[in-house]
Amino acid sequence: MAGTSSLAASSLGAVLDRGLVRAVLQPIVDIDSGAVVAYEALARGPAGTPLERPDVLFAAARRSGRVAELDWLCRAAAIRAALDAGIRPPTALFVNIEPEALGTVAPAHLTPLLEQAERELA
400 MAGTSSLAAS SLGAVLDRGL VRAVLQPIVD IDSGAVVAYE ALARGPAGTP LERPDVLFAA
460 ARRSGRVAEL DWLCRAAAIR AALDAGIRPP TALFVNIEPE ALGTVAPAHL TPLLEQAERE
520 LA
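Letter by letter, the sequence shown follows residues 400 to 521 of this note's numbering.
Just so you know, nobody snuck in bad clues.
Have a look at the derived ranges for each label pair, beta carbon to beta carbon: (1) G412 - G502: 19 to 29 Å; (2) A500 - P426: 19 to 29 Å; (3) R487 - S410: 29 to 39 Å.
Worth flagging that the hints you see were computed from the coordinates, not collected in a lab.
No residue lacks a Cβ here, since even glycine has one placed at the ideal position from N, Cα and C.
Please build the complete structure, drawing on both the sequences and the hints.
Here it is, written out as structure tokens:
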């Protein structure tokens with residue numbers, strides 16, 4: 400049932416455990432030339448759920464003590480979105496990072512993606 404899957408997706412645990420975070424890319428345009436010079440990755444939770452909004456998603460993560468975990472999923476979603484969109488240097492990708500997540504080690508399962516990002520996006 401659609402209602403059941405929406406309810407499950409609205410649970411922070413389900414979002415984190417199933418990696419239901421996605422990124423949308425906001426272009427940053429040079430005013431003089433009109434050229435896209437960069438993109439900012441914006442995190443979103445599952446569409447159509449209360450956790451789709453990043454403020455609600457991160458507030459839930461703060462209450463649960465899972466901000467760093469969510470932050471790493473958001474970083475991974477940003478990288479995947481950039482790779483899928485074909486963004487390559489010199490076009491920059493800006494990714495916001497939560498202060499609480501600074502200095503935390505990336506989850507091991509993200510290592511291949513992070514290595515790919517170093518090769519293709521740097």
